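Please construct the entire structure, taking both the sequences and the accompanying hints into account.
Line order of the protein sequences matches chains Z, S, R and F. Residue 485, in the numbering used here, is where the first sequence stops; the numbers in between run on with no holes. Residue 485, in the numbering used here, is where the second sequence stops; the numbers in between run on with no holes. Residue 485, in the numbering used here, is where the third sequence stops; the numbers in between run on with no holes. Residue 485, in the numbering used here, is where the fourth sequence stops; the numbers in between run on with no holes.
Same chains, same names: a pair is fine if it fits in one copy or spans any two.
List of simulated lysine to any residue pairs, SDA-like, C-alpha gap at most 25 Å:
no., residue 1, residue 2
1, K291, N367
2, K305, F436
3, K368, F436
4, K381, D352
5, K291, A240
6, K305, A442
For the record, the hints were derived by calculation from the structure and aren't laboratory data. Quantities reported herein were computed from a predicted structural model and do not represent experimental measurements.
4 protein chains.
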Amino acid sequence: MSNPIPEDADQRLADPNSLARRENILGDEHSWLELQDMLPHPASGVTADSAIVSAARTSFLGHSKGADQDKRLLLYLLKHRHTTPFEQVEFKFRVRAPVVVWWQWVRHRTWSYNLQSGRYTPFNEDEFYIPKTWRQQSPTNKQGSEGLVSSEVSKELHRRLTDIAHDSFALYTQALEMGVAKEQARLVLPAWTSYYVAVCKVDAWNLMHFLRLRLATEAQWEIRQYAEAILDIFREVMPWTSEAFDRYLNPQTSDSPLA
Amino acid sequence: MSNPIPEDADQRLADPNSLARRENILGDEHSWLELQDMLPHPASGVTADSAIVSAARTSFLGHSKGADQDKRLLLYLLKHRHTTPFEQVEFKFRVRAPVVVWWQWVRHRTWSYNLQSGRYTPFNEDEFYIPKTWRQQSPTNKQGSEGLVSSEVSKELHRRLTDIAHDSFALYTQALEMGVAKEQARLVLPAWTSYYVAVCKVDAWNLMHFLRLRLATEAQWEIRQYAEAILDIFREVMPWTSEAFDRYLNPQTSDSPLA
Amino acid sequence: MSNPIPEDADQRLADPNSLARRENILGDEHSWLELQDMLPHPASGVTADSAIVSAARTSFLGHSKGADQDKRLLLYLLKHRHTTPFEQVEFKFRVRAPVVVWWQWVRHRTWSYNLQSGRYTPFNEDEFYIPKTWRQQSPTNKQGSEGLVSSEVSKELHRRLTDIAHDSFALYTQALEMGVAKEQARLVLPAWTSYYVAVCKVDAWNLMHFLRLRLATEAQWEIRQYAEAILDIFREVMPWTSEAFDRYLNPQTSDSPLA
Amino acid sequence: MSNPIPEDADQRLADPNSLARRENILGDEHSWLELQDMLPHPASGVTADSAIVSAARTSFLGHSKGADQDKRLLLYLLKHRHTTPFEQVEFKFRVRAPVVVWWQWVRHRTWSYNLQSGRYTPFNEDEFYIPKTWRQQSPTNKQGSEGLVSSEVSKELHRRLTDIAHDSFALYTQALEMGVAKEQARLVLPAWTSYYVAVCKVDAWNLMHFLRLRLATEAQWEIRQYAEAILDIFREVMPWTSEAFDRYLNPQTSDSPLA
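Pasting the structure below:
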C-alpha cells in the first residue's frame, strides 16, 4: 500500500463535525479534547438522557410518562446502580495528551482506542509537554502531590526539561537520518512528555466510572484536567445523567465511599 | 427536546425513529428486529464506513484521499485483522425474539443488553413461538438439523405445542390470580418459545464476529434468521465494510477457516 | 469426529478433585455446585488472600510485613475500591442449575462459561426444577416476591407443574423418535425448569460483584440460593477477602449504597 | 499458612514459587519474565490441556476417552475456533519490561494487570533499557524495522542514550531532592526505556491471541522477545494446546490469514 498520508494532512486540527471542543487543557496549545460524535447524535432527535430511560423501560415494556417522571426514573437507576441502561449511550472523543496521561487512561479496558503510532509517525519538535509549574511531593500520600515548589525551582526545571527535550529531539532526528527505525529511535525521547492523538470511545456508564476515579483528588493532576474537560462536556450533553453522577458518584460532590 | 415517546407508545410497536426494520423473521408477526440507532448516525453527515477509515488513520495522523483509496484501506484493515478501527462504529438494535434465540445471543459478552423482565412484565397469551415446520435431526452433526420432518408430523407438533402453550398459559394466569409471584409463576410456561423484547448494542467488529458464527450452517436455524436480517441491514448501512466481511469473514461467501 | 461420549459417562457426578461442594441448593438433588479449582490452588503453597496482597504490592515493589499488616492492606484495598489486585485470583465452579437461574447468571459478562448444550445432549425426565413451595407476588416490588402462598396452592401448583413436565417430556421423547432435531424438539419443554450443567470461571473481584447483586433481597430466590452457596465457600477459601466483602460490599451485612 | 514472602524479599528477584522463568530477554539482566502461577496448577493433579478438554465436554456431559481422543478433540476445538474452553485455563506472569513494551502490551484489554507505579516508587539509575544494536527503518513497512545499522552507529547511539539516561536521572534525583512529586519528576526521564515490573494474568485463548499478534514479523522486536519467551513456556506447560496453536494460529508456523 503506498503512503496514504497527503502532504497537507493534519489530524491535529479541529474536526469541523465535532460536537464540543476544549483546548489548553494542560496549559499549552498541544493539549485538547473533542467530542467527535455520540450515540444518540443530537441530529437524531433523541436525547442521550431519554435514550437511557427508554432502554431501562425495556424491562417492563413501558413508555415515557413525561420529563419529570423520566428524570426521576433516571436518578433512581443510578442511585441503585442499575447500570446497564447507561451502557446504551456512547461518547467518542478525539484527544491529544502526553504519554504520562495515556499511560493511566489506557488502563481503562472498557474503552475502544485508536492511537497515533510512534512506530509509523515521526515526532515533531514541539510535541512535548513541559510544565511551567511543578508540584511538591505530598507528605501524606506516597503517590500524590500537594502544593507547588518555589517558582525558582519551577523555572529551573522548565528550562532543564526544555533542554532535554531539545537535545533528545536533535538526537532522534539524527538517528532517523542515519536510517534508524522510528520505533527504536524514539527511545531517546522523554516519552512521558510526548503528545499523542487518539480516538477513544466509551459508553456512558464506563465514562462515569472513569470520571469517578480520575476526578478524585488522588488522581494525578494531568489526567484530572482531562477528566474535568470531559465532565464539562458531559454536563452539556447529558444534564440529567450528570446531575445523577454529581449526586451519587462524583467524588467532588457526593459522599460516595467509592470516591 | 420534547418528549420523544408518546403516551400511547407500546414498546412492541415500530419505533418511528428507527433506521431500518425487518419483520416476520421466524415466520410470525411476533418476531422482528429494528436498527434503532447507530454511531455515526446518518444525520451526522459522516458515514459509518468512513468513520472506520478515519479512526484507522489516527495511527499516522493521515486524512482521506478520496473514496477509492479509503475503501482500499478499509478492505486492507479487515483482511489483516486490524480490528480496533471497527470498534469505533456502533449498532443499536431493538429485537423481539424467543428465549431459544436469546439463550444463544446473550452468550456474546461484548454486547450491551437491556432485556424485558419476566419478573416484572406478565406474559400475554400470544407471546409464543410455535413453528409450523419442524426440522430433522442431522445424521452427521449431533447438534444440528438437516431437512424437515413430514408435514403430517409438523402439523401434529404444531397442534400439540399450541395446546401446551394454551394450557400452560391458563395455569400461569391462574397462578397469578392466586397471588403467585410473576418470577415464579413463569416456570410453568414453555420458556424456549416465549418472546422477549431487548435493546442490544454492539460495535461493528463484534457485530461481524456475531454474524460469522451465527450465519454458519452449524448455527441453529432460529438465530440464523436474525443474523440474516442483521446482515441485510448491515449491507445497507455499511456497504464497504459488509463487502470486506463477505470477502474475509462471512462463512457463506468466504473460505475463512473461522467459518 | 466420532461420538466422544462413552456409555457410562456422567458429568453430573461429583468431581473427585473438587475443592468444595454444596448440594440440594434448591431443595432437590439436581441442584448442586462445586468449586472445581482455583488460582492459586491450595496445593501451590500460596493462599488466595496473600496472592491479592502480593499483587497489590507490585505497585510499590514492596513485600509482606506479616499477616496483620497484610490483612490490613487487603481491607484497605477493598474499602477504597482498588479492585485490580482482586482480579488476580480465580474461581472455577461446576454448577447444575435450572435455566431460570442461568438466564440471570449469564448476564454477568465477566465470567467464562462452558454450558451443556440442549442441541447436543437430550434431556432426561428427571431434569426439571419443580418447587414444593410457591412465593407470593410482592405488593411493593413489582419484580419481587414476598412470603408464600398457602400450602394448598403450593401443592396444587406442584402437582400441575409435575404434570406439565411429564406430558411435555413425553411429547419431547416422541418428537425425538419421529426424527425431530433435539435443538427444536426442546421447544415443548418447560425450559425455565430444565437443569443444565456448566463450568464457569470468574476472578475474585467479579465474584464479589456477582454476590453483591445476587445476595440482595431484590434478587430472585432461586439464584440467591446459589449465591449463598458460593458465599459459604468463599468464606472458607478467602477468609480475609470475604471479611472485607462483608464489611464493604455485602448487601446483607454492610450499608453499602450499592446493595 | 505461614507468610509466603520473606522479610528481605525484593519483587525484582526471582519468586521461589514460580513455575518457570526466562532471563535476559532484551539482552540485559533487567528484562525477565516468570510464570508465577497457573490454573490448573501442576500440583493439583490436572493438566492444563486436559482442563480444556474437560470444559469442552460439558456441552455433551461427556468424559475422557483417553489421551489420543482427548488430544484429537482439543485440536478440533482450536481448528474450528471453539474458543470458550480455552478461557478455562489461566496464566499469571510476573514480568519486567521497559515502557516501550508495556505501551503495546497493555492495549490487550483481556489481561488483568498490576503494574509498578512511577508515582509511588522512585526509579533507580540502572532501570533503563539501552540497546546495544539499533535496527534500520524498513523500506517497505512504514512502522517496521529491517536489519541493523552499522556497528559504529549502534555504538554511538548506545553511548549517547547512556548519557541521556545518566543526565536525566541526575536531574530526576535532584528534582526529588528539591521536593518535586515523583509523579511529575519522572517527566524528565527517557520513559520508553524505563523498566517496570507487573503481574499480569490472562486466559489461554487470549494468551494465544496475544502471541498470534506479537510473534508476527510486523510486531516490534522488543515485545516479540517477550512473546517468544512466553511461547517457550507455553510449549512446556501446554504441549497439546501449543501444538494446536502452531498448526492453526502461529504466524511463524501456520498459514493463518490472521497472521
